[in-house]
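Residue numbers (full-length UniProt numbering): 1 to 273.
Read the hints as simulated data drawn from the structure, not as lab findings. Be aware that one or more of the hints could be misleading.
[Claimed, not checked] Beta-carbon label-pair distances, calculated as ranges:
| hint | residue 1 | residue 2 | range |
| --- | --- | --- | --- |
| 1 | 165 | 131 | 22 to 32 Å |
| 2 | 124 | 18 | 53 to 63 Å |
| 3 | 159 | 135 | 38 to 48 Å |
| 4 | 172 | 124 | 13 to 23 Å |
| 5 | 58 | 18 | 50 to 60 Å |
| 6 | 159 | 53 | 23 to 33 Å |
| 7 | 23 | 65 | 23 to 33 Å |
| 8 | 44 | 7 | 19 to 29 Å |
| 9 | 178 | 137 | 20 to 30 Å |
Each residue gets a CB set at the ideal place from its N, CA and C atoms; glycine is no exception.
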Amino acid sequence: MTDASMDRVNRFRAEAASRGLPSKEVEEWIRIARPAVYMAEGGDGPLVARVGGDPMLPHGVPRPSVPFVASVDLAAFPPDVTGLPLPTDGHLLLFSGADVQGVGGQVSDAVLYVPAGTPATPTSLEHSWREPYRPRELRTVWHQPSAQMPESFALDTWGDFPEEEQFELADELSDAWAHVGGYRPSWVLQIGGHPVSPQNDPVHDARTPEEAGPCEHGGTAHEEGAGDWVLLATWRCGDDVTELDSGVAHWVIRRRDVAARRFDRVHRYVEMA
Numbered sequence: 001m002t003d004a005s006m007d008r009v010n011r012f013r014a015e016a017a018s019r020g021l022p023s024k025e026v027e028e029w030i031r032i033a034r035p036a037v038y039m040a041e042g043g044d045g046p047l048v049a050r051v052g053g054d055p056m057l058p059h060g061v062p063r064p065s066v067p068f069v070a071s072v073d074l075a076a077f078p079p080d081v082t083g084l085p086l087p088t089d090g091h092l093l094l095f096s097g098a099d100v101q102g103v104g105g106q107v108s109d110a111v112l113y114v115p116a117g118t119p120a121t122p123t124s125l126e127h128s129w130r131e132p133y134r135p136r137e138l139r140t141v142w143h144q145p146s147a148q149m150p151e152s153f154a155l156d157t158w159g160d161f162p163e164e165e166q167f168e169l170a171d172e173l174s175d176a177w178a179h180v181g182g183y184r185p186s187w188v189l190q191i192g193g194h195p196v197s198p199q200n201d202p203v204h205d206a207r208t209p210e211e212a213g214p215c216e217h218g219g220t221a222h223e224e225g226a227g228d229w230v231l232l233a234t235w236r237c238g239d240d241v242t243e244l245d246s247g248v249a250h251w252v253i254r255r256r257d258v259a260a261r262r263f264d265r266v267h268r269y270v271e272m273a
């Protein structure tokens, strides 16, 4: 954990104590926070990601069935900042349409990893039903711990049927965490961490009942099997997708599939507020 992240954690402890929040749940909130990378427009730093336009596709790769969203330069990230076993170089290409999916599912061409040095050329995907998304460069990047959504925290901590007071405590923890977060520009792309979703938690939705395991708190924490599901990326669509109100797209995958470079097993979710 970086010095800045540790500082936020310490300030969160102090803020939670000032609000009288129980230390056991405060420490659990901290324990399950995950590292994440956030990218935004503006700034004069190196190019970290490119959103929209035409993708750079390797020769012979089948054209994805939906529009290109973003290309992320993995070499621009210091080691371990995403908390995921991603490659240390090359580019991660994300693809998504704008159709809202109430339930996500596996999509074999939603993510493509292009190793460094692979010959690639700009490729028009020629989707007659949509122009390419607006081209943008993301040069502002920061790393910080990402907290779980309050409802997801309540379900994982107290089981499938938390009491109303437990949901309220999760909301109070979330408020205290946000209070010490400081100012950050509006991010466009997130890699790693926990999802921020206007509707349902896509990581929870990706879990299957048979993967659920016993929880040390007495519920079902989905520790071994379902706990392998992680957020790969989130894209805030913004004005790029006018038919979605505050639309977001999530790519969710098992950690072991990231390590094995099996990005064809990713699950994609698209939703709006």
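task = Take the C-beta atom of residue 165 and the C-beta atom of residue 131, compute their distance, and say whether it sits inside 22 to 32 Å.
result = 50 Å, violated
task = Take the C-beta atom of residue 159 and the C-beta atom of residue 135, compute their distance, and say whether it sits inside 38 to 48 Å.
result = Taking Cβ atoms as reference, residue 159 and residue 135 lie about 46 Å apart, which means the hint holds.
inquiry  = Can you tell me whether the CB distance of residue 172 to residue 124 sits inside 13 to 23 Å?
reply    = Since the Cβ atoms of residue 172 and residue 124 sit about 50 Å apart, the hinted range of 13 to 23 Å is violated.
ask   = If you check the beta carbons of residue 23 and residue 65, does the distance land in 23 to 33 Å?
value = The hint (23 to 33 Å, Cβ to Cβ) is violated, given that residue 23 and residue 65 are roughly 50 Å apart.
request  = With 50 to 60 Å as the target window, see if residue 58 and residue 18 comply at their CB atoms.
outcome  = 54 Å, holds
key: Assessment of proposed distance window 23 to 33 Å (beta carbons of residue 159, residue 53)   = 46 Å, violated
request  = Could you tell me whether the CB distance from residue 124 to residue 18 stays inside 53 to 63 Å?
outcome  = With a Cβ separation near 56 Å, residue 124 and residue 18 satisfy 53 to 63 Å, so the hint holds.
request  = Go ahead and decide if the range 20 to 30 Å is satisfied by the Cβ distance of residue 178 to residue 137.
outcome  = Taking Cβ atoms as reference, residue 178 and residue 137 lie about 28 Å apart, which means the hint holds.
ask   = Does 19 to 29 Å hold as the CB distance between residue 44 and residue 7, or does it fail?
value = 25 Å, holds
Of the numbered hints given earlier, the model fails hints 1, 4, 6, 7; all others are met.
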